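Trainee: Spelled out, the chains give:
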Amino acid sequence: MRRFLSFRDFDWTLLGFVMILSIISILEIYSATMHTKFVGFQKMQMLWLLGGLVAMFVFSLIDYHILLDFIHWIYGFCVVSLVAVLAVGTKVLGARRWIKLPGGIHFQPSEWVKLILIVAVARYFVGLAGRELTWKDIFKAMAMVGVPMLLVLKQPDLGTALTYSPILLVGLFLGGIDWRKAGIIILVGLLAVGVVWKSGKVLKPYQKARLTSFMNPDDDPRGTGYQIRQSLIAVGDGGVFGRGATKGTQTQGDFLPIPYTDFIFAAFCEEHGFIGAMVVLLLYFLILMRLIQNAQTAADLPGTLIVMGVVAVLIFQIAVNIGMVIGLMPVTGIPLPLMSYGGSSVLFTFLALGMVMNVRMSRFVN
Amino acid sequence: MLNREEKLPGIKLTIIQYVIVGVLLILIFGLWRLQVVGAENYHALAEANRIRKVPILAPRGKLFDREGRLLVDNYPSVSCFLVREQGHDYMADLPMIARGLNMTVDQIDGILRKYRTAPKYQPLPLKQDITPDEQEFIEAHRDEFPELETVEEQRRLYPKDGFAAHVIGYVGEVSEDMLNNDPKYAYYEPGDVVGKSGVEQSYDALLRGQDGSQDVVVDSHGREVGKLGTEHAVPGKSLKLTIDIDIQRAAENALGDRNGAIVAMDPHTGEVLAMVSRPIFDPNAFAVRIGREEWSKLITDPEHPLLNKAIQAQLAPGSTFKIIMAAAGLEEGVAQDLKVHCPGGASFYGRYFKCWVHSGHGEVEISKGIYQSCDVFFYTLANKLGIEKIAKWAHAFGLGQKTGIDLPNEVAGTMPSEEWKMKNYHQKWYAGETISVGIGQGAVAATPVQMARALAGIASGGTLKRPHVIFPDELPEDYRKAMYDSFPGTGDKTVPMDPASWETITDAMAEVLNPGGTDPSAHLEGIDFAGKTGSAQTMSNALAARLGHSHSVKDNAWFVGFSPRRNPDIVVCILFEAGEHGKLAGRLAARVIEAYVNKQRRLENNLIAKAPAKVDVGAVWDNPSQPKIFGGKQVVDHKGDQAEMWGGHFYLAVPPATASAKVP
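Protein sequence lines, in the order shown, are assigned to chains C and U.
This note's numbering puts the first sequence at residues 1 to 366.
This note's numbering puts the second sequence at residues 1 to 664.
Just so you know, these hints were derived from the structure itself, not from any lab.
Since the model is a prediction, treat every value here as computed from it, not as a measurement.
Among the clues, some could well be false.
[As the list claims (entries may be wrong)] Okay, the calculated beta carbon distance ranges per label pair:
hint: 1; chain 1: U; residue 1: Pro-146; chain 2: C; residue 2: Lys-100; range: 28 to 36 angstroms
hint: 2; chain 1: U; residue 1: Asn-180; chain 2: C; residue 2: Lys-43; range: 51 to 59 angstroms
hint: 3; chain 1: C; residue 1: Thr-212; chain 2: U; residue 2: Gly-212; range: 38 to 46 angstroms
hint: 4; chain 1: C; residue 1: Ala-143; chain 2: U; residue 2: Glu-149; range: 41 to 49 angstroms
hint: 5; chain 1: U; residue 1: Gln-154; chain 2: C; residue 2: Phe-241; range: 41 to 49 angstroms
hint: 6; chain 1: U; residue 1: His-141; chain 2: C; residue 2: Val-193; range: 52 to 60 angstroms
hint: 7; chain 1: U; residue 1: Pro-76; chain 2: C; residue 2: Val-88; range: 53 to 61 angstroms
hint: 8; chain 1: C; residue 1: Ala-87; chain 2: U; residue 2: Ser-213; range: 27 to 35 angstroms
hint: 9; chain 1: C; residue 1: Val-88; chain 2: U; residue 2: His-141; range: 53 to 61 angstroms
hint: 10; chain 1: U; residue 1: Pro-146; chain 2: C; residue 2: Val-88; range: 52 to 60 angstroms
hint: 11; chain 1: U; residue 1: Glu-189; chain 2: C; residue 2: Thr-212; range: 29 to 37 angstroms
For each residue, glycine too, the CB sits at the ideal point set by N, CA and C.
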């Protein structure tokens, strides 16, 4: 059955907020790279953005129910691709995260897995048909998210692996877990984290150091602590009004590490101050609220679950990235959606938005 | 297939909305804390990040001799640094670099290990004071070894062969020990160059000047991206020494390779004209960083080459002490009519004391006692005076106390007395001990500068001056005061003396150099030259016999001479270690006195050579046979005084001294 979709139902307001943030991002990437060997990265980012927009429009035309129907195959393919990364992936800075495709494009499957997991989790909980979750249901959901998570952790890419967890959490929450089971899971989860930490098998020492150094950055002023320290100085140096675009000394003097990707918010805060930061946070707030509204108005439960999965990933990445930049969270290497430079991240965000658009446009169908 | 009709309870989405609001509020709180509350603090940290103070080193003050001839200069020295830029594998170049810089790979590895904790942007000092050859190597391989960088800085250039080395001293990096334990160095930074001996040490505060600094804007790699304000360096003050190069050269040549010391002084003022100590060390070895082996060789050398024996050797003065005895005896009214028969020895308190002339001097009075240096006469005199009166007069002439010379680490020597013995040994003084004190043995110990000052003081009618190597009127008033406070000594003083005893002593001392005296071989024809020889045992005969050293341990030879005999213009004290007899030291003194007197006569008659002679006083590198022009000819111009540097050699154009230079 072919549905009628109209771009009149497209969420142009949401797209507007997204484009404002994307332009802010391009300007900040320009400012942060102008004195480095990465000068001109904003042009690349613009290309990614264009590609993202096209992908979003195309994706918004694909009925999400088709995705839901084929998600088993897609999920299977995604696990295979993650195994393939571990087997034949390109090693960059000690981590195998990329697969080199013909034509010289490096492809990072772990970003796309997010998208697949969102759909897969939605499909799974819808299949349970609203009955009370049993322990078996919960463990199945955990295994579904846990397998790709462990594969990504093996790359090793702690940050991306962590971004899978909010998908599971939101799924469980909306899927109808009862409070008692949720309490038990939280307790066992905390215990498990403690055991994993102590055992030292799952996490590498450098990952552990990164996770703890945000609490005492001065203990390790030349290692991870250095990045946190420089980031805090950059943010604080901005003050209320900021040093002005392209005038942040921390950003321009190369003191701030990777100021165009993971630490782009610190660079932005230094140059545009507390006021600028508030504007960006407001934009994120508006985008997230708009997304939740779309979830509320979705035609059916899977639509709602898909949109909320996107919300979960976005708020998690925003919280962890900005939290890292201002010293409330450890350094995990999670990019800031819609701000950080990077093709995989841009494409994920826009494909996710495409799915949301499709959910929205389908709301009056039926 | 799927239950597409089911909806979620709205409350769950509302909960998620609140969670999102909560998260954003936490982030806003974090941003508020950093950007509004902590802004000032973080702004300061950001500024500290990007601004680096680069010191501008003040050139150290030069040193000149009393006639304004350059003694110590600075020269531009080139050091080689290793810049560990990312992207170039310098480790692979090390063997080649080591060969080019005449180092071993092990040495470079050692440097890398030493600085392994240093940040990447900090260049590592590979080699200091590189030779023109090595500099050429670096220039020629700029493209292959971009990690090598040269930096020019000013270094000290001292006269070669240790000329006046002990007066001048040397500089070195301030040690951790000095920084931590000496309040004088409280304001010094690690890495600062400070004077570590001689004038370089005692006048360090004046010579060093004040380092300036430049605020440089850097990026996180330490690369300079801009400049801010500059605080200019204040160059160190150049100082004029009281040393006269001509007299110093005569003294250096006179002592030659013999161990010992020479002090030549103007008794009217206390100005030190020459000061030599042997064995010698090369202060240029310190200007460049000294190797550990070389350093340990210097400090473990049993002859102590770093010791300035003119002020730091405290030894029995032997018969030169008899002049002080004579002054004491005459002033106390005991010696005038004292007549002693010397049969070659005499018994006191049950012990037999030999005279150095075993056949005896026969009938001896004070004058003959001096010029024949009769021990028995002075044994008798000492016995009659008693230790208290001897000590009183010896103290009056500055023995047992520092003279207050403006050089570091002067020693006081020892002048025994009843009080001294009680204090140090908790024992009563035995009258028998006074006898050996009478001939400058026993516990008496004095430095050459003390003896020069004491005997010249007696020859000047009791006027003693504080010896010094820098003209006091060269110094700022408060600095001079602080200087004299930090080098306490007996200073300037006048000991009231009867002119008759003064005449008796100086006449007898002039007789020493006549055929009837102990040192006719040092006689200078046509020069009014007076002096006193001394031969001092380095250990008692009894001890030497017990140790079986009686033949191997030679006596130290002393000589204190001056010219003219009364109110002398110059006094020279010679300590010739293991020189056996004072007359040998006397000949050395005669050469210094002769040089001085000849120079004065030439000055008075304007007979100084017209053309300046070029004197090579400095050599930094060991291979002078291959003169390479080091960055072209370095011409140092100072008040018309021309110094040239060619291939690491440093030439002084010694101008003709003018008659006005000498203040009689």
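Trainee: Compare the structure with each hint and give your call.
Mentor: A quick look at each hint next to the structure:
A beta carbon spacing of about 33 angstroms between U/Pro-146 and C/Lys-100 agrees with the range 28 to 36 angstroms that was offered as a hint. Distance hint check for U/Asn-180 and C/Lys-43: the Cβ-Cβ separation is about 57 angstroms, which falls inside the suggested range of 51 to 59 angstroms. Distance hint check for C/Thr-212 and U/Gly-212: the Cβ-Cβ separation is about 44 angstroms, which falls inside the suggested range of 38 to 46 angstroms. The given range of 41 to 49 angstroms is broken by C/Ala-143 and U/Glu-149, whose C-beta atoms sit roughly 59 angstroms from each other.
As the Cβ distance of U/Gln-154 to C/Phe-241 is approximately 47 angstroms, the hint placing it in 41 to 49 angstroms holds. Roughly 56 angstroms separates the CB atoms of U/His-141 and C/Val-193, a value that falls within the hinted 52 to 60 angstroms. In this structure, U/Pro-76 and C/Val-88 meet the distance hint of 53 to 61 angstroms, their C-beta atoms being roughly 60 angstroms apart. Range check, C/Ala-87 to U/Ser-213: about 58 angstroms between beta-carbon atoms, so the 27 to 35 angstroms window is missed.
Checked against the hint of 53 to 61 angstroms, the pair C/Val-88 and U/His-141 fails, with Cβ atoms roughly 43 angstroms apart. Checked against the hint of 52 to 60 angstroms, the pair U/Pro-146 and C/Val-88 fails, with Cβ atoms roughly 37 angstroms apart. Distance hint for U/Glu-189 and C/Thr-212: a CB-CB separation of about 35 angstroms, consistent with the stated range 29 to 37 angstroms.
In this structure, the hints that do not hold are numbers 4, 8, 9 and 10, in rising order.
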